[in-house]
Structure formats: C-alpha cells, structure tokens
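Let's have the full structure, built from the sequences with the hints guiding it.
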Amino acid sequence: MSTENANVVEIRGLVKDYGVFRAIDHLDLTIRQGEIFGLLGPNGSGKSTTIGCLLSLLKYSGGTIKVFGESMSPAAYDLKRRIGVVFQDMAVFDQLTVKDNIDYFCGLYVTDKTARKKYVEEAIDFVGLGDFIRKKPRQLSGGLKRRLNIACGIAHKPDLAILDEPTVAVDPQSRNNILEGIRQLNQAGSTIIYTSHYMEEVEELCTRIAIIDRGKLIAEGTSSELIGRIQADETVTAEGIQLTEDQVRQLEQMPIVLSAVYNGGILKLQLRGSGAGLMTILRYLEQERIRFGRIYSEKPTLNDVFLELTGKELRD
Amino acid sequence: MGSMIMLRYKQTLGNLPALFWAFAFPIILCVLFHVSFGNLETGTFDPVKTGVVRTGKPSAAFEETVKRLDGDLLDVTYMKEDAAKRALKDGKITGVIYDQETPRLLVTGTGISQTILSSFLDQYIKSVGIYKDLARRDPSKAQRAARVLDEDADHIREVSMGGKTYDGYLDFYFALIAMACFFGVFFGQTMGEESAANASPLAARRCVCPRSRLLMALTDLLICFTIQFTCVIVLLLFMRYAMGIRLPENIPMLLLICALGCLVGVSFGLALGCSRLKQSGKNALAVTVPLVSCFFAGLMVGGMKYIVEQRAPIVNRINPAALISDAFYYLTVFDDPRGLGIRLVLLAIWAAALTACAVNMMRRDRYDSI
Numbered sequence: 069m070s071t072e073n074a075n076v077v078e079i080r081g082l083v084k085d086y087g088v089f090r091a092i093d094h095l096d097l098t099i100r101q102g103e104i105f106g107l108l109g110p111n112g113s114g115k116s117t118t119i120g121c122l123l124s125l126l127k128y129s130g131g132t133i134k135v136f137g138e139s140m141s142p143a144a145y146d147l148k149r150r151i152g153v154v155f156q157d158m159a160v161f162d163q164l165t166v167k168d169n170i171d172y173f174c175g176l177y178v179t180d181k182t183a184r185k186k187y188v189e190e191a192i193d194f195v196g197l198g199d200f201i202r203k204k205p206r207q208l209s210g211g212l213k214r215r216l217n218i219a220c221g222i223a224h225k226p227d228l229a230i231l232d233e234p235t236v237a238v239d240p241q242s243r244n245n246i247l248e249g250i251r252q253l254n255q256a257g258s259t260i261i262y263t264s265h266y267m268e269e270v271e272e273l274c275t276r277i278a279i280i281d282r283g284k285l286i287a288e289g290t291s292s293e294l295i296g297r298i299q300a301d302e303t304v305t306a307e308g309i310q311l312t313e314d315q316v317r318q319l320e321q322m323p324i325v326l327s328a329v330y331n332g333g334i335l336k337l338q339l340r341g342s343g344a345g346l347m348t349i350l351r352y353l354e355q356e357r358i359r360f361g362r363i364y365s366e367k368p369t370l371n372d373v374f375l376e377l378t379g380k381e382l383r384d
Numbered sequence: 067m068g069s070m071i072m073l074r075y076k077q078t079l080g081n082l083p084a085l086f087w088a089f090a091f092p093i094i095l096c097v098l099f100h101v102s103f104g105n106l107e108t109g110t111f112d113p114v115k116t117g118v119v120r121t122g123k124p125s126a127a128f129e130e131t132v133k134r135l136d137g138d139l140l141d142v143t144y145m146k147e148d149a150a151k152r153a154l155k156d157g158k159i160t161g162v163i164y165d166q167e168t169p170r171l172l173v174t175g176t177g178i179s180q181t182i183l184s185s186f187l188d189q190y191i192k193s194v195g196i197y198k199d200l201a202r203r204d205p206s207k208a209q210r211a212a213r214v215l216d217e218d219a220d221h222i223r224e225v226s227m228g229g230k231t232y233d234g235y236l237d238f239y240f241a242l243i244a245m246a247c248f249f250g251v252f253f254g255q256t257m258g259e260e261s262a263a264n265a266s267p268l269a270a271r272r273c274v275c276p277r278s279r280l281l282m283a284l285t286d287l288l289i290c291f292t293i294q295f296t297c298v299i300v301l302l303l304f305m306r307y308a309m310g311i312r313l314p315e316n317i318p319m320l321l322l323i324c325a326l327g328c329l330v331g332v333s334f335g336l337a338l339g340c341s342r343l344k345q346s347g348k349n350a351l352a353v354t355v356p357l358v359s360c361f362f363a364g365l366m367v368g369g370m371k372y373i374v375e376q377r378a379p380i381v382n383r384i385n386p387a388a389l390i391s392d393a394f395y396y397l398t399v400f401d402d403p404r405g406l407g408i409r410l411v412l413l414a415i416w417a418a419a420l421t422a423c424a425v426n427m428m429r430r431d432r433y434d435s436i
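So the sequences go chain by chain: A and B. Taking the numbering used here, I'd label the letters of the first sequence as residues 69 to 384. Taking the numbering used here, I'd label the letters of the second sequence as residues 67 to 436.
Treat the hints as calculated values from the structure; they're not laboratory data. Honestly, I wouldn't trust all of these hints.
What the hints assert, rightly or not - In silico SDA-like links for lysine to any residue, alpha-carbon gap of 25 Å or less:
hint, chain 1, residue 1, chain 2, residue 2
1, A, Lys284, A, Lys181
2, A, Lys204, B, Pro83
3, B, Lys76, A, Arg184
4, A, Lys284, A, Gly137
5, A, Lys181, B, Arg277
6, A, Lys186, A, Lys127
7, A, Lys127, B, Leu343
8, A, Lys186, B, Pro83
9, A, Lys213, B, Tyr75
What the hints assert, rightly or not - Over the 12 Å line for every Cβ pair with chain A, so calculated as not near, a few chain B residues:
hint, residue
10, Asn81
11, Glu260
12, Pro318
13, Thr354
14, Ile384
15, Asp434
To be verified - Here are the simulated distance ranges between beta carbons:
hint, chain 1, residue 1, chain 2, residue 2, range
16, B, Ala378, A, Arg206, 45 to 53 Å
17, A, Tyr145, B, Ala90, 34 to 42 Å
18, B, Lys344, A, Asn331, 55 to 63 Å
19, B, Ile384, A, Asp199, 54 to 62 Å
20, B, Lys76, A, Asp193, 20 to 28 Å
21, A, Asp180, B, Leu321, 36 to 44 Å
22, B, Ile408, A, Gly130, 48 to 56 Å
23, A, Asp199, B, Ser278, 48 to 56 Å
24, A, Asp199, B, Ala90, 32 to 40 Å
25, B, Phe103, A, Arg206, 40 to 48 Å
26, B, Lys344, A, Glu268, 32 to 40 Å
27, A, Leu247, B, Leu284, 38 to 46 Å
No experiment lies behind these values; they were computed from the predicted model shown. Built from N, CA and C at the ideal position, the CB exists for glycine as well.
Here it is as structure tokens:
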C-alpha cells in the first residue's frame with residue numbers, strides 16, 4: 069500500500085440472499101487506508117452480513133470484494149494475515165486465561181515466537197488487562213471481557229481491523245476505554261471498519277460513515293457531510309406541553325418551521341436557519357401563554373439523517 | 067505450532083464437564099459395578115447342565131454330537147420327561163433338549179447358559195438341514211459334507227470355550243469400555259462447536275485466521291482423540307490393576323479396539339458439534355446415542371446383546387458399542403479370529419466414515435449463513 073489514500077476494501081455490487089430474502093442489495097463500499105470507517109444501521113440492516121461476506125465467511129450471491137487490491141477468498145491467507153476481527157459476541161476460550169487466550173489467537177497469525185510474545189504483552193497493555201492476565205474470562209466483568217475480546221482480535225497488529233459492534237452491553241467507562249483504544253489503533257496505522265447502531269459513537273469516532281438499511285447503502289460521507297444533506301438546521305423539543313390543533317397548525321405555518329410533530333405532550337419541531345430558532349418558538353409560546361415543562365434545542369444528528377432518509381428512527 | 071497445540075490441549079482439558087463424562091464417570095461406574103458384582107465375576111466356565119429326553123425315534127447324529135460336547139460345553143443327563151421338567155423347574159438343569167428328529171429345546175429363563183443351549187441347537191439344526199439338502203441334491207458330496215459338519219461340531223466346542231475361562235460379568239465391563247470410548251463424543255462436540263463458523267463466534271474467529279482449515283480440523287481431531295484415548299487407557303489400567311478385572315492379554319489388539327472406538331466417539335461428537343442442530347438437540351443426541359448404543363450392547367441389562375443377537379443380529383453388527391464389546395469378548399473368551407476380524411473391520415468402517423464426515427464438516431470455510 070504505497071499511496072496515502074489507497075483503497076483497503078472495495079466492495080462492488082454485493083448481493084447476499086437468504087432464500088427469497090435479500091439481506092444485501094447491490095452494496096458498493098470503498099474504504100481507504102487510514103480511515104475509521106463507520107458502518108451504521110439499525111439491527112438487521114445487513115452490517116454483520118456485509119462483514120461476513122468481506123471476511124469470506126459467508127457465500128454471497130453476487131458482486132466482488134477486494135481487500136488490499138486483491139480478491140478476498142477463504143484461502144487468501146496473505147490477506148487474512150493482515151486482517152483482525154472483533155466479533156459482536158464474545159469469542160474467547162473460557163478455559164484459558166486472559167494471557168493464554170491472547171497468545172492463542174495471536175499465534176494463529178504470528179508464527180515467530182519472540183514477536184508473538186512481544187505482541188501479546190503489547191495487546192495486554194493496550195486494553196489495560198495487565199492486572200488480570202491469570203484470570204479466566206468468567207472471572208472478568210462484562211467490560212473487561214469485551215476488552216479481552218478486542219485484544220484477541222487485534223493483538224497481531226492488523227493493517228485492517230474490523231470491529232463489529234464491540235461496545236454492545238458495555239458500561240460507559242469501558243466504552244470510553246474501548247473507543248480510545250480504537251483511536252490509538254488507528255493512529256498506529258490500522259484502518260478500522262467499525263459497525264454500530266449507536267450513532268453517537270459512530271459520529272464521535274469515525275472519519276467517514278456509510279449508513280445502510282435493509283442491505284442498501286443510503287448515504288455515505290463524513291458526519292458533517294451527512295448532516296449537511298438534511299434540510300433541518302435545528303430540532304426544538306418541548307416536553308409537558310398542551311396544544312390545540314390550531315396552535316399546532318400555526319406553528320407549522322411559521323416560516324422557520326420545516327415540520328411539527330405533536331404527540332403525547334411532546335412537541336418536536338424541525339427548524340431551518342441557525343441560531344434564533346429557539347428564541348422564535350419561545351416568543352410564540354409566551355405570546356400564546358402556553359405552558360410547558362422544559363424546552364431545548366439540538367443540532368441535527370445522524371439519527372435525523374436516518375429519519376429523513378428512511379422515515380424511521382435508527383433504533384427502531 | 068507446538069505451543070499452539072499445547073494451548074489447545076490445555077483448553078480442551080479445561081472442559082470439566084466433558085472430562086467428567088469421558089474420564090471420571092466410567093471409573094465411577096466401574097467401581098459401582100465391582101461393588102455390585104462383588105466376587106461373582108471371578109471363576110471359570112461351567113458346562114451347561116442339560117437334561118436330554120428321548121422321545122420317539124432318537125437321532126443317532128444328535129446323540130453323537132451331544133456325546134462329543136458332553137463335559138466341555140454341556141453337562142448332559144438323560145432323563146424321563148417328567149423328571150427333566152421337575153429338574154428344570156427346581157433349577158437343577160438349565161434346559162431340556164428333546165431328542166427327536168428335529169431336536170427341541172425347553173428353557174424357563176434367559177441368560178448366557180440358555181443362550182449357549184439355544185445357539186448350539188440352532189447351529190445343529192441348521193447344519194443337519196444343510197447336510198440333508200446336499201445329500202439329496204448331490205449324494206457324491208454327502209461324505210464331504212459330513213466331514214465339514216463334523217469339523218463344525220468341533221468348531222462349536224472350540225469357539226465356545228477356546229480353553230479360556232468365562233466370566234458372566236465381563237459383558238458389563240466390556241460394555242462399560244465401549245461407553246468410555248463413545249463418551250469421546252463430549253470432547254468432540256465442544257471442539258466441533260469451536261470449529262464450524264456457523265456454530266459459534268469463537269469458531270468464526272478461528273475460521274478467519276490465515277491457517278489451512280484442513281490442518282486445523284486434523285489437529286483438533288488429533289487432540290481430541292489423544293485425550294479420549296488416554297482416558298480410556300487410564301480406565302483399562304484402573305480396571306486391570308485396581309479392580310482386578312480380567313482384560314484381554316493381547317495388548318496391541320486391545321489398544322486397536324479402543325483406538326477405533328475412541329475415533330468413533332470423537333468423530334461423532336465433532337460432526338455433531340459442527341451440525342446446524344440447535345444446542346439442545348446436539349446435547350440430547352450426545353447423551354442419547356452413546357447410551358442407547360451401550361444399552362443394546364448390554365451396559366444396563368445383562369444378556370441384552372444376546373437377546374438382540376437372537377432377534378435382530380444386524381443391530382449388533384451396526385451398533386458401534388456392541389462391536390467394541392463383541393471384539394473384547396472374542397479377544398477374551400473366544401478363539402475366533404474371523405469373528406474378531408469382522409468386528410474390527412466393521413468398527414474401522416464406522417471410524418473411517420465418521421472421521422471423514424467430521425473432518426469434511428470442520429474444514430468448511432464458507433457458509434450460507436452464520
């Protein structure tokens with residue numbers, strides 16, 4: 069890989085069918101060297117299936133997959149040696165200690181004993197499991213287990229690290245630790261593919277994001293590029309508010325309001341233009357003597373992008 | 067590679083439930099058998115006490131055959147019918163044979179002795195039938211047929227005794243060894259689940275590593291097999307030296323039978339682990355198949371194998387546990403290389419077929435779904 073932005077992964081026209089159900093529908097993805105590439109989508113959108121196809125674990129119905137410029141196949145050992153995978157579910161031996169687990173999985177990639185020993189020690193430091201090397205996985209907390217899972221996947225210092233929802237069911241402290249670790253891994257030279265349905269994580273971590281739904285690519289770009297695609301510049305939410313139908317209609321007809329949804333005492337307004345939207349709405353409520361519990365303004369998120377593109381919430 | 071294999075051994079030996087079933091449980095069962103049978107398992111074979119009742123026109127050929135086996139296989143007393151029935155009822159004799167054109171057997175129970183009597187009579191009637199048929203179709207060969215039948219009668223005596231002692235409780239121990247071999251299924255199942263990417267995330271992680279799937283499958287099989295084989299050898303040593311149970315003296319043959327048995331158990335487990343069955347289904351089959359197989363081999367009910375042999379002998383030829391148990395039986399009690407050979411070949415076919423199936427499933431590298 070000589071050029072800075074050479075393609076690490078190229079997926080073209082990927083199709084994966086499970087009987088009559090199409091899980092991946094002509095998916096195109098390009099992941100460049102040095103990126104932290106986020107694959108964002110709700111549960112069942114096809115993220116893990118895409119990863120399975122990319123790793124040649126799953127047969128696919130059509131399309132091509134290239135990794136480091138070469139066709140990926142089960143016997144492409146030279147390519148596999150450069151890839152590290154962290155699966156969504158725990159994938160370690162319960163009978164081995166933390167150190168033995170990392171040693172075993174690192175050993176599947178690195179044959180040189182001296183190098184392996186060094187890699188294992190570095191991986192233990194990297195995930196902060198130095199105090200637990202003689203413990204078995206069942207003796208670790210959920211967060212520590214996740215860290216072990218990650219260490220087993222990246223101990224051999226892969227050029228491409230694939231992390232499939234590594235923070236599911238993890239406490240905030242461990243989550244921050246994991247995210248920080250991923251950044252460090254990227255800074256050390258690994259290209260990262262990060263799948264998640266947690267938009268905040270993806271937004272915070274990833275340099276480029278692809279949003280997929282029902283196996284199709286809906287949008288792709290940096291976080292700001294994606295958010296820039298939607299019309300709304302601000303979302304104002306008022307809770308504990310009582311409105312008449314006329315009042316809702318009046319709000320909808322205001323020039324800055326793109327859409328107004330009033331349901332169960334919660335008013336959600338998508339506004340165009342930046343800055344004064346909240347003040348305008350507050351003035352209207354005061355003028356109409358409408359009481360409310362609390363009101364706040366938010367910048368659009370990837371969830372708003374997803375909502376606008378698909379008509380549903382990311383976590384639906 | 068060496069250190070990787072050692073780690074895999076360490077991990078497999080850390081599978082305590084499998085270790086219990088494969089190693090500890092057969093030893094515990096052996097001790098329980100020993101306690102239950104006490105000293106009954108020692109002793110030599112006694113000829114079967116048989117009453118012979120002459121009815122109608124006695125068969126000279128039959129009387130000649132009985133005479134030759136008297137003292138060896140049979141302990142014959144010629145009696146009146148009433149006396150014979152009384153003796154049978156009182157348990158003084160095992161069975162009554164009616165010496166007539168087609169001899170008939172009367173027994174009141176089931177067991178090894180009754181089975182021996184029944185087998186002897188079946189064999190005699192079959193042989194006489196063949197002789198008569200041959201004599202009718204080609205009288206010139208009748209003399210030769212008579213000679214063959216004569217040898218067959220000797221064969222009955224040799225096969226039955228072979229100069230070796232017989233122990234009625236050995237069946238249980240042989241079935242127990244068969245069970246121990248078959249319990250390799252537990253190590254195999256776990257390892258299979260760690261090999262097929264559609265069975266567990268751990269297996270998926272192993273599948274994406276840059277290693278030959280065939281090599282990994284064979285390594286896993288070897289690890290599983292050596293552990294199970296060691297467990298069985300420890301069981302044999304325990305039986306022989308701690309319990310004083312008489313085992314076959316032909317050590318290479320003994321080890322060969324155990325090795326084939328372990329291969330059957332481990333391969334079945336590996337294939338089961340790799341299968342797409344639900345976990346509960348896999349667990350159920352891992353327990354049920356060996357136990358049912360061992361049940362028909364006589365682990366739970368004495369004489370079961372003989373009942374099966376009488377009613378559906380094919381089951382004993384295809385049941386791996388019965389083949390293992392039979393092979394031990396031939397090695398210990400009978401001098402019948404042909405019978406032993408047949409069982410070894412059948413066992414080897416099972417082992418080869420299951421191993422091929424397991425390795426093929428384990429080396430799979432791409433799936434329709436995971």
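Against the structure, the hints:
1. As the CA atoms of lysine 284 of chain A and lysine 181 of chain A are separated by approximately 44 Å, the hinted pair breaks the 25 Å bound.
2. Between lysine 204 of chain A and proline 83 of chain B the CA atoms are separated by roughly 17 Å; this keeps the pair inside 25 Å, and the hint holds.
3. Between lysine 76 of chain B and arginine 184 of chain A the alpha-carbon distance is near 19 Å, which keeps this suggested pair within the 25 Å criterion.
4. For the proposed pair lysine 284 of chain A and glycine 137 of chain A, the alpha carbon gap of about 23 Å is at most 25 Å, so the pair holds.
5. For the hint linking lysine 181 of chain A to arginine 277 of chain B, the alpha-carbon distance of about 17 Å falls within 25 Å, and the restraint holds.
6. Under the criterion of a C-alpha separation no larger than 25 Å, the hint pairing lysine 186 of chain A with lysine 127 of chain A is inconsistent with the structure, at around 36 Å.
7. Between the alpha carbons of lysine 127 of chain A and leucine 343 of chain B the distance comes to roughly 20 Å, so the proposed pair stays at or under 25 Å and holds.
8. In summary, the hint linking lysine 186 of chain A to proline 83 of chain B is not supported, as the alpha carbons are separated by about 34 Å, beyond the 25 Å threshold.
9. The suggested pairing of lysine 213 of chain A with tyrosine 75 of chain B holds, with an alpha-carbon distance near 23 Å, which does not exceed 25 Å.
10. The Cβ of asparagine 81 of chain B does not lie farther than 12 Å from every Cβ of chain A; its closest approach is about 6 Å, which violates its non-interface assignment.
11. Consistency note on glutamate 260 of chain B: stated as away from chain A, yet its beta-carbon is not over 12 Å from all of that chain's, at 8 Å minimum.
12. No Cβ of chain A approaches the Cβ of proline 318 of chain B within 12 Å, the least distance being about 34 Å, so the stated non-interface status holds.
13. Here threonine 354 of chain B stays apart from chain A, with its beta-carbon at least about 25 Å from theirs, past the 12 Å limit.
14. Once the 12 Å rule is applied to beta carbons, isoleucine 384 of chain B is consistent with being away from chain A; the minimum gap is 35 Å.
15. Against the 12 Å criterion, aspartate 434 of chain B falls within the reach of chain A, whose nearest CB is about 6 Å from its own CB.
16. At about 47 Å, the beta-carbon gap between alanine 378 of chain B and arginine 206 of chain A stays in the expected band of 45 to 53 Å.
17. Checking the proposed 34 to 42 Å range against tyrosine 145 of chain A and alanine 90 of chain B shows it holds: the Cβ atoms sit about 40 Å from each other.
18. A C-beta distance of roughly 42 Å is found between lysine 344 of chain B and asparagine 331 of chain A, which places it outside the suggested range of 55 to 63 Å.
19. For isoleucine 384 of chain B and aspartate 199 of chain A, the hinted distance range of 54 to 62 Å is satisfied, since their beta carbons lie about 56 Å from each other.
20. Judged by the Cβ atoms, the range 20 to 28 Å given for lysine 76 of chain B and aspartate 193 of chain A holds: they are separated by roughly 24 Å.
21. Evaluation of the 36 to 44 Å hint for aspartate 180 of chain A and leucine 321 of chain B yields a pass: the beta carbon distance comes to about 38 Å.
22. Judged by the Cβ atoms, the range 48 to 56 Å given for isoleucine 408 of chain B and glycine 130 of chain A holds: they are separated by roughly 53 Å.
23. At about 37 Å, the CB distance of aspartate 199 of chain A to serine 278 of chain B disagrees with the hint of 48 to 56 Å.
24. Between aspartate 199 of chain A and alanine 90 of chain B the Cβ separation comes to about 34 Å, which falls inside the hinted range of 32 to 40 Å.
25. The hinted window of 40 to 48 Å between phenylalanine 103 of chain B and arginine 206 of chain A holds, with their beta carbons roughly 41 Å apart.
26. Evaluation of the 32 to 40 Å hint for lysine 344 of chain B and glutamate 268 of chain A yields a pass: the beta carbon distance comes to about 36 Å.
27. Distance hint for leucine 247 of chain A and leucine 284 of chain B: a CB-CB separation of about 41 Å, consistent with the stated range 38 to 46 Å.
The earlier numbered hints that this structure contradicts are 1, 6, 8, 10, 11, 15, 18 and 23.
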